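S.K.: Following the hints, position chains B, C and D against chain A.
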Amino acid sequence: MQINIRFFALLREQLGCEHIEFDYQGERTIAALRHTLAAHGDAWLALINGNTLAAINHTLCQDHAIISEGDEVAFFPPVTGG
Amino acid sequence: MQINIRFFALLREQLGCEHIEFDYQGERTIAALRHTLAAHGDAWLALINGNTLAAINHTLCQDHAIISEGDEVAFFPPVTGG
Amino acid sequence: MQQLSESQAMRYARQVALPGMDLDGQEKLLNAHVVIVGMGGLGCSCAQMLAAAGVGHLSLVDGDTVSRSNLSRQVLFNQAHLEQLKVCAAQTLLRALNPDLRLDVYDQFANEALLAELLGQADLLVDCTDNRAVREQINRTALAANKPWVSGGAIRMEGQVMSFVPAANAPCYGCYSQLFGDTESGCAENGVLTPLVGIIGSMQALEVIKLICGLGTIHIGKIQHIDGLAGQWRELTLPKLANCKACQPVL
Amino acid sequence: MQQLSESQAMRYARQVALPGMDLDGQEKLLNAHVVIVGMGGLGCSCAQMLAAAGVGHLSLVDGDTVSRSNLSRQVLFNQAHLEQLKVCAAQTLLRALNPDLRLDVYDQFANEALLAELLGQADLLVDCTDNRAVREQINRTALAANKPWVSGGAIRMEGQVMSFVPAANAPCYGCYSQLFGDTESGCAENGVLTPLVGIIGSMQALEVIKLICGLGTIHIGKIQHIDGLAGQWRELTLPKLANCKACQPVL
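Line by line, the protein sequences give chains A, B, C and D. Going by the numbering used here, the first sequence opens with residue 1, and the numbers climb by one from there. Going by the numbering used here, the second sequence opens with residue 1001, and the numbers climb by one from there. Going by the numbering used here, the third sequence opens with residue 2001, and the numbers climb by one from there. Going by the numbering used here, the fourth sequence opens with residue 3001, and the numbers climb by one from there.
Next comes chain A alone, as it looks inside the complex (with noise of 0.2 Å):
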């Protein structure tokens, strides 16, 4: 399944990368996504420590959340400051 993923903001930073086209062949859930690609690197755990919010084509979702064929998955950290 051919996926488009995009970080932002400090994650984009942290991890060096802006956007991966990807042939995603796991279980279709950010859940497993997340693993998938937290298993790239030690940067790259910032995906599965709680803190990072997922959207699927702009709307932002829940781990169970599903990813279909050709879906922009996007990640970024919450912006609590002030």
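These aren't lab readings, by the way, just hints derived from the structure by calculation. Wrong hints could be hidden among the right ones.
[Unchecked claim] A few chain B positions that, by computed beta-carbon distances, are all more than 12 Å from chain D:
#1 Gly1041
#2 Trp1044
#3 Thr1080
[Claimed, not checked] Here are a few chain B residues that face chain D, going by a calculated C-beta distance under 7 Å:
#4 Ala1009
#5 Leu1010
#6 Gly1016
#7 Cys1017
#8 His1019
#9 Asn1051
#10 Leu1053
#11 Ala1055
#12 Thr1059
#13 Leu1060
#14 Pro1078
#15 Val1079
#16 Gly1081
#17 Gly1082
[Claimed, not checked] Have a look at the derived ranges for each label pair, beta carbon to beta carbon:
#18 D:Cys3088 <-> B:Ile1020: 47 to 57 Å
#19 C:Met2010 <-> B:Glu1018: 48 to 58 Å
#20 C:Ala2167 <-> D:Ser3067: 34 to 44 Å
#21 C:Ala2096 <-> A:Glu69: 51 to 61 Å
#22 A:Gln2 <-> C:Glu2117: 48 to 58 Å
#23 B:Ile1020 <-> C:Ala2113: 44 to 54 Å
In this text the structure is predicted, and so the values were computed from the model without any measurement. Ideal placement from N, C-alpha and C gives every residue a C-beta, glycine not left out.
M.R.: Chains B, C and D only, in chain A's frame:
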């Protein structure tokens, strides 16, 4: 030719219209499209008074630019104040 | 209901000239009461914009004092205010900006009793705080009081704005906060680039004015997010969570 | 090259903490010279952000005086400044915000000779003017001096920001202004909603800081446009015009 037209900011308010999906049969330039739209009524003359910007698929363009099937054409007023 | 004086009409001529605003809209601002929780970077910028724009009554809530590292982005304060309470220091510039402004200050950190009391009287609340715990309190209080609020955040080189309005199909802050963990990250550890608080505080003021005047569209469940390093904005949709502990009535 | 003092390092701690910023970035700001043309709504907000953020040297250019209808959005001024020159009135608050700031003021409207002189010395220019004729002058001067500039606009409930940088593939302001007619529309006739100038002035300050510190990405030929009534941003691409009279060398 199916095109998608969007109006922004003051122009949207003046026309009372945000979005048209349109089967356009005229000449495929921005200039010709402006003239077709201007025939809709007095408010629509704003499209041919020389003070409305046009963009095709988020790229600003001149009046001789060519429109293709499925394009998004956007119109908005220039922002000149300060 | 207070009416605009002639000198006020002149002062606000540029807003009164706006289609959809007019004298009526400016009078709605004059008669509005807005609570600002948190007088850090966002609070300073938002309060400044609301005072200049002609909001008649502001209540400021913050128990903190001005420290040196605040001065690089909290634009209502300067060196002479060091160690003073923020809500007191903020008064000088806000009153100078708008001598007609009614200003109430609460030199304490927000708690649910105070929030409930203020939201009972006020038209709406602006969240300029820097932590999730207070936002959860604001959320509960606003849901109970059936009042809108505008939440802002700015940290590192990122910022976002979201408006929460009382409507059956509208998500609440709980629908957002349940999507991430409990680890707090504040500006002290993470830093923040100065203009971000100006951008987001002013975006909050824009939403507040639209809500008060019934101007334009408040998009329910939309978050405007800026990635400052890229200089780009992105609109995200926040769905209403089916099992949200905060906004779903227990049957 | 001036170095940060210990008390400056404390003051700017929240910016110094940013990855990619550090003491080096803050020192670049301290040593930077920025020209602000136009001290209306955008100029006031942008200057306030740049002074707070720690830019070391600002040159302000404006020949206008403060009038009552300015007070609702030009946040460096208040009633006591009526009839004063804007560049003089602006000094009080800017110096209070940042006592280390070097501030030069030019109480005249911009002209090409002055712009050329200032851009020869300065690192970059911020366009906070309200008309096309001055922007064309700034454009020519910046092209000749090979210096970047950040242009902002705010009117009605709309605003936009665009950065022009010296690069072979970069469009210039002429590539933009040739796309529309000559009819001027200023804030006096059209009005402007107060927070728009705070949003856009702060967005300009963000781009200026990124340019000075080499932080993040300046997207060449991109315009960030806010439709305030909808509360939504849109990124537009400005292509380099093949036949632009301003930036295409005559062969």
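S.K.: Each hint: holds or not?
M.R.: The hints, checked one at a time:
A cut-off of 12 Å between C-beta atoms confirms that Gly1041 of chain B is not in contact with chain D; the least separation is 21 Å. Once the 12 Å rule is applied to beta carbons, Trp1044 of chain B is consistent with being away from chain D; the minimum gap is 17 Å. A Cβ of chain D approaches the Cβ of Thr1080 of chain B within 12 Å, the least distance being about 6 Å, so the stated non-interface status is violated. Given hint, Ala1009 of chain B at the interface with chain D, holds; its Cβ is 4 Å from that chain's nearest Cβ, closer than 7 Å.
With its C-beta approaching chain D no nearer than about 5 Å, Leu1010 of chain B sits inside the 7 Å limit, and its interface hint holds. The interface hint given for Gly1016 of chain B is violated, since its Cβ lies 13 Å from the closest Cβ of chain D, which is over the 7 Å cut-off. At its closest, the beta carbon of Cys1017 of chain B sits 14 Å from a beta carbon of chain D; the interface hint therefore is violated under the 7 Å criterion. Below 7 Å, beta-carbon pairs count as interface contacts, and His1019 of chain B has none with chain D, the closest being about 12 Å; its hint is therefore violated.
Interface hint at Asn1051 of chain B: satisfied, since its Cβ lies 5 Å from the closest Cβ of chain D, which is below the 7 Å cut-off. A cut of 7 Å between beta carbons decides the hint on Leu1053 of chain B: the least distance to chain D is about 6 Å, and the hint holds. Interface restraint check: Ala1055 of chain B against chain D, minimum CB-CB distance 6 Å, threshold 7 Å, status holds. The criterion of a C-beta within 7 Å of any C-beta in chain D is met by Thr1059 of chain B, whose closest approach is roughly 4 Å, and the hint holds.
For Leu1060 of chain B, the shortest C-beta to C-beta distance to chain D is roughly 5 Å, which falls under 7 Å, so the interface hint holds. With its C-beta approaching chain D no nearer than about 5 Å, Pro1078 of chain B sits inside the 7 Å limit, and its interface hint holds. At its closest, the beta carbon of Val1079 of chain B sits 4 Å from a beta carbon of chain D; the interface hint therefore holds under the 7 Å criterion. With a least beta-carbon distance of about 3 Å to chain D, the hint placing Gly1081 of chain B at the interface is held under the 7 Å criterion.
Because the closest C-beta pair between Gly1082 of chain B and chain D is about 4 Å apart, less than 7 Å, the hint holds. In this structure, Cys3088 of chain D and Ile1020 of chain B meet the distance hint of 47 to 57 Å, their C-beta atoms being roughly 51 Å apart. In this structure, Met2010 of chain C and Glu1018 of chain B break the distance hint of 48 to 58 Å, their C-beta atoms being roughly 34 Å apart. Distance hint check: the CB atoms of Ala2167 of chain C and Ser3067 of chain D are about 42 Å apart, consistent with the given range 34 to 44 Å.
At roughly 59 Å, the beta-carbon separation of Ala2096 of chain C and Glu69 of chain A lies within the given 51 to 61 Å, and the hint holds. About 55 Å separates the C-beta atoms of Gln2 of chain A and Glu2117 of chain C, a value consistent with the hinted range of 48 to 58 Å. As the Cβ distance of Ile1020 of chain B to Ala2113 of chain C is approximately 52 Å, the hint placing it in 44 to 54 Å holds.
Violated hints for the displayed structure, listed by number in ascending order: 3, 6, 7, 8 and 19.
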